[in-house]
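Take each chain as given, in its own frame, and dock them per the hints.
Sequences listed follow chains A and B, in order. Here the first sequence is numbered in numbering that gives the first Met the number 0, starting from 0 and rising by one per residue. Here the second sequence is numbered in numbering that gives the first Met the number 0, starting from 0 and rising by one per residue.
Simulated from the structure, these hints should not be mistaken for lab results. Because the structure is a prediction, the values reported are computed rather than measured. Virtual Cβ for every residue (Gly too), placed ideally from N, Cα, C. Heads up, a few of these hints could be off.
Here are the computed distance ranges between Cβ atoms for each label pair [to be verified]: (1) B:Glu81 - A:Ala549: 41 to 49 Å; (2) B:Glu37 - A:Pro309: 38 to 46 Å; (3) A:Leu330 - B:Asp43: 49 to 57 Å; (4) A:Leu316 - B:Glu81: 22 to 30 Å; (5) A:Gly324 - B:Asp109: 33 to 41 Å; (6) B:Ala15 - A:Leu316: 27 to 35 Å.
With a Cα cut of at most 30 Å, we get these calculated DSSO-like pairs of lysine-lysine [unchecked claim]: (7) A:Lys266 - A:Lys490; (8) A:Lys579 - B:Lys53; (9) B:Lys53 - A:Lys578; (10) A:Lys526 - A:Lys578; (11) A:Lys490 - A:Lys265.
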Amino acid sequence: MPEIGRLAVCLALLFAAYSVVTSILGGVRRRPDFVRSGEHAAFAVAGLVVVAAAILLRALLQHDFTLEYVAAYSSSSLPTQYTVAALWGGQKGSLLFWAFMLSLFTAIVQIQNRDRNRALMPYVTATLMTIAFFFLALLTFVTDPFERLPVAAREGADLNPLLQNYWMMLHPPSLYTGYVSASVPFAFGIAALASGRLGDQWIRSVRRWALFSWSFLTLGNLLGARWAYEVLGWGGYWAWDPVENAAFMPWLVSTAYLHSVMIQEKKDMLRVWNLVLVLLTFALTIFGTFLTRSGVISSVHSFTQSGLGPFFIGFLLFVLVVSGGLLVYRLPDLRTPATIESFFSREAAFLFNNLILVGIAFAVFWGTVFPVLSEWVRGVKITVGPPFFNRVNAPLGLVLLFFTGVGPVIAWRRASPRNLRRAFTGPVLTALAAAVALGVAGVPPGYAYLTFVLGCFALGTVGQEFWRGVRARQAMLHESAPRALSRLVGKNRRRYGGYVIHVGVVSAFVAIAASTAFRIEVTQPLKRGEEMQVGKFRLRYERITTAEDAHLSRLAAEVSVWRDGRQIATLAPEKRFYKKPQQPTTEVAMRSTLTEDLYVVLGSYDRDSDLATIQAFVNPLVSWLWLGGIFMACGTIITMWPAAAERRATAFALGGARVPAE
Amino acid sequence: MLTQRRFVIGAALIGAAVSYLVYGGIRTTSMYYFELGEFLAQRDAHVGEALRVKGWVRHGSMRWDARTSELAFELARQDDSEPVPVAYRGILPDMFSEGREVVVEGRYQDGALTARQIMTSCPSKYEPAKAPS
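For reference, chain B alone in the conformation it holds in the complex (with noise of 0.2 Å):
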């Protein structure tokens, strides 16, 4: 008996020392991901933390600099109203375009948001709206 309670303690650690890694990872990993409206609310008190905005590229506001690499946009509703300005360098994402909807991962510091990384989900047009009949 006393090995098997043994095990069942072996067998807490174990499950101890996974919460305690998703916990941990959690904490220091997590970040906020916010529908535009929910950033613009509460923008000020995440200024400088890593976050996720979803929005629409507004059209007629993206620059893109082939020589540099910078791309700059702004986020802004799907009617493009309330727009903040993304700042971003690297490789434009295939389905990146103006009126597009996508996630931007950065942080949002003096009034803008600088992106480490753009998402661009996938068009809905693959599962087609149906024809009227």
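Next up, chain A with everything else stripped away, as it sits in the complex (with noise of 0.2 Å):
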């Protein structure tokens, strides 16, 4: 059966070759039946790399440790849901996942465009086929995920246990696929700049597909920061670790994309820049990859360090080149007569935010890879923590979020003195009463006031754009208030999708300022029945229990935690033994509401005295990050659902062939 899989993997590479070349020809020589071949190539790749991987799978779920990745990431103790989730546990399954995910959006692809954009696609099967004939290479020639272990192994040495964890079965995928679907604006983007079609028929052809790229990506990091939140151990979501900072720059460059490409579909300006955030977008995404798989730069929880490095840094090059080169060749067909008039317009703020954003994508960059160049140039490492990343981004986070504010209400070309008070006066008000009451309520000024008066200056506007939309509808239509909202919503489901973006990426930017400038930490060793004190909540040690299995053996302390004298929990937090992997590991118990999270860990446990150290954190409105991507994530659905004359078109583009029209 494996070797059913590498032989799908060589054709599948074969086939993505074909494809490459056909394409290309079939658009260079304009030849409709080459560039039809080239798609039906491109569909026999996402069909064999689809076996491809369900063989792998197949071999997971049924132990076949006569291979070297199933013997690796899995054993036989290992509970299906992981077993699952080491598909894309290691680097072998985790390529073929991505050149699984790459050639079905291929697919979706050639559907989607099977009757449109027919002088772009050549060039974007080409582009995508070459992303895969990429993955495919590796998985044939550097590193095969069916490669057979001389003799079997007994039993397998099982995942990661930092792994085993419910929110690693949905952070990788989730990434992943804010990943892999940034190939597609990218394949568009350089199809546009071959095929010299430049203007904005491209950009409308992918604003989906950007939207949904970007979606998972931001999934993604709050996945993964949700999961480092509950399995590190160390009381935060976010370490600045290269590998999460790996993810956070294609993150920001594509919400600069989002807003910009606005910029490009209403005025017609911006298009370089477009392209230039496209371009990056993915660039970064396989920066990403590389930073991941290389080891060049030491990550702290670096789960596969290999070889693979100059393979990326060489397809990373590869990338830059051609692209930069294409959009050099295109620089004077680029240009454009449009130019902003004002500073305060709708352009130039959303001008402003990009350029923060990209700064911020900058800045990461430049203390992600500063160890590595400082090493370089200066023959010594250095390094720059967490005290460097939070210093340079919150102030530009700042302003940021002012622009969040600013951007949905002023208007186009040049706002008017009226216009601006129209827009803003409610929006600043709610500011200043804002700015009054945390000062009353004892708020110390600082980076996290600042945040929150911001943020609430930002949900003015959202909150004012709301409103005025309902009541004018109420005034004309004399719909009732709930019908206003959905009518209103429903058919402007861009801008108000976008809207209640906003309030999700506020409460977001909340929570990270609470959770920073207020949480509490008490590190405490305790007897039984002794108590600590961490803010206002009170624990006190009450046993340890233990518990083992195949799988794992777990030491518990029991705590339990009282307010005013009440006992509120009991809370539990774990030291696990995994025996295969032999490895200790910290299982967080939290107590979580919305105004804050107790944290409590088991930092260790000494038989011999019974004493318990429990370390506890009191993180404030922690909650609001998960609850704005929630937002975040009903924004997106909103501003993706199809509008209903889409869905006729769909409906009738989808049944037309059988079905006569009416």
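This is the structure:
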């Protein structure tokens, strides 16, 4: 069976190569038959890679320890859901998974564009298949997921215990989905450059894909944060680790693109800038994979290190040279006469928001690669840690939050004083009221305070937009408020979906500011029955319990939580000792509410003295980060939901061949 | 054209602000990262500075006091030679044990490292060595 998997990968590689060549030939020579043939080959690639992935999954589920990958990343006692997760838990599997997603997305793009974008499609196919070719070549020649062990292993070495977690089921697939789907806008950008059709047709075609990619990057980042928060046990959710930065940078650039593209659609400006952002987003996804796979930059939780670095750097250079070359070649055609007329305009607000986003991406990039650069240039390795990133990004983030409030309501072209008054009186008053209220409530001045105030400003603009929209409909159409609201959103999905996303962003900002500025941490060794105070909570160490099964043994400390003399919860933070990779891990126990998380860790336990070291954190408003994620997800769904007219068109296109039009 | 020029200036100002933040951030928060050998060669030049040193936990050197959460061990080469004493107070990282490769973040003073944080790198056995055929 594994041999069939290997064969499928090899064949897919050949088909991908064929598809690249015929598509380009078809595009250059204007031969539709070549183009179709290239597309058919792309379908074949998708089919073959699905087969290969299915075979690897089957080998995992059947515990076929003759395979090196299965023996290295799973075991017979690994729970089934984590056995499935082992498909992307190791390097080879994750590369195959990448190829799987890419070929699937390519197939979807082909179907979507059977009768559209025919001038662009040859180059779209060629670009996507070139990327597929790269990954398939790695799988064929460098790291074969179907490699057999010389002697079958009796038992697998098992998946890293840190990855045996609920969130790890969701985090990598969603991040990969975000990464891989960024290839589609990239491919269309390249196709626009290659074909010379530089208008905004390509941009409209990839609007949904860009949003899709962005939303899964968002989700992937948040799920990763959630995983780190629950599993790593250091009390936080984000450590500015290179691997985290690798996922954060494409998100920043992709966010910039989603905003600047609106300017091109409305005003036909920033064509070059938009192309640069699309190319950069894709390049950063490859760079991110390079960071995680190469081990060039030491990461505290890098799970995989290998010799793949040079291949990724090579491919990255290839991507940069080709796309940069095409961009320079088309530069004269990309000029547009339109210019920004005033600082007080939506164009300007979006432009500055873009610069800040790219600036943050640049700062993160610089901090991530600085150790390597300093070693090259000065011969000494100099590292920067979270203090660097926080220091640089906090002020930039505040400016960004300000523009989050300004962008949606400021007028296009040139805002008159009247427009400014109308747009900003409400939000500014909201912000001022919040500033006073927070001051009275005793929030100390600082970044957190400013974040709350600016957050209220941004929420003020969103709230005002909803309010005015609903009122206008009520006045004109005499609709009830809920009906007016749903109609309002339904008729302007993109706009109001965007506002909902903004609410999520503000929520995330507030969570990050509060949990960074106001967190409390106490570590104390406790004997049975002893207590410790953390903020307003009192913790009492009650007893230690143990449990054991074939897979792991646990040591849990029962801790009762008291507030105002009343017991409100019992928490049981654990130490787990996994048996196959013999490794202890920390299981955090949490009491999570909207206002704060009480986060309790069993630091260590000394059997002789029955002494448990309890580390407890009070992290304010962390829930708002996940809540923000939910808002962002809802906003994205609203934005992407097809409008009624589109639905009819799709239904017609799908059924049109068979059902005669009435 | 006047506004156009203003925009270039505005963009340049943002660029300058970002560069300044990055530059200042690196100046004030960066620290040296040494392998133990490099550190031994130039430790006297870095007394009192925040730095990171990578080395191995010397076998037989680890002393952990659960009552006070105080950890003392020696950072050494892989063969346990040239030890440097390390003092740390806090939670013991899960993967910490003798013979393990660790990165110590802290300050060097009076011939010893006072650690603020200890990072254990993930063991390489998750990328298992190929079995000899």
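Okay, the hints, checked on the actual structure:
1. In this structure, glutamate 81 of chain B and alanine 549 of chain A meet the distance hint of 41 to 49 Å, their C-beta atoms being roughly 43 Å apart.
2. At about 25 Å, the beta-carbon gap between glutamate 37 of chain B and proline 309 of chain A misses the expected band of 38 to 46 Å.
3. For the hinted restraint 49 to 57 Å between leucine 330 of chain A and aspartate 43 of chain B, the CB-CB distance of approximately 55 Å keeps it satisfied.
4. Between leucine 316 of chain A and glutamate 81 of chain B the C-beta distance comes to about 41 Å, which lies outside the given range of 22 to 30 Å.
5. Taking 33 to 41 Å as the suggested C-beta distance range, the pair glycine 324 of chain A and aspartate 109 of chain B does not conform, at roughly 58 Å.
6. At roughly 29 Å, the beta-carbon separation of alanine 15 of chain B and leucine 316 of chain A lies within the given 27 to 35 Å, and the hint holds.
7. With a C-alpha separation of about 22 Å, the suggested pairing of lysine 266 of chain A with lysine 490 of chain A holds against the 30 Å cut-off.
8. Restraint check for lysine 579 of chain A and lysine 53 of chain B: the C-alpha separation of about 27 Å stays at or below 30 Å, so the hint holds.
9. Distance hint between lysine 53 of chain B and lysine 578 of chain A is fulfilled; the C-alpha atoms sit about 28 Å from each other, no more than 30 Å.
10. Between lysine 526 of chain A and lysine 578 of chain A the alpha-carbon distance is near 28 Å, which keeps this suggested pair within the 30 Å criterion.
11. Pair hint lysine 490 of chain A plus lysine 265 of chain A holds up; C-alpha atoms about 18 Å apart against a cutoff of 30 Å.
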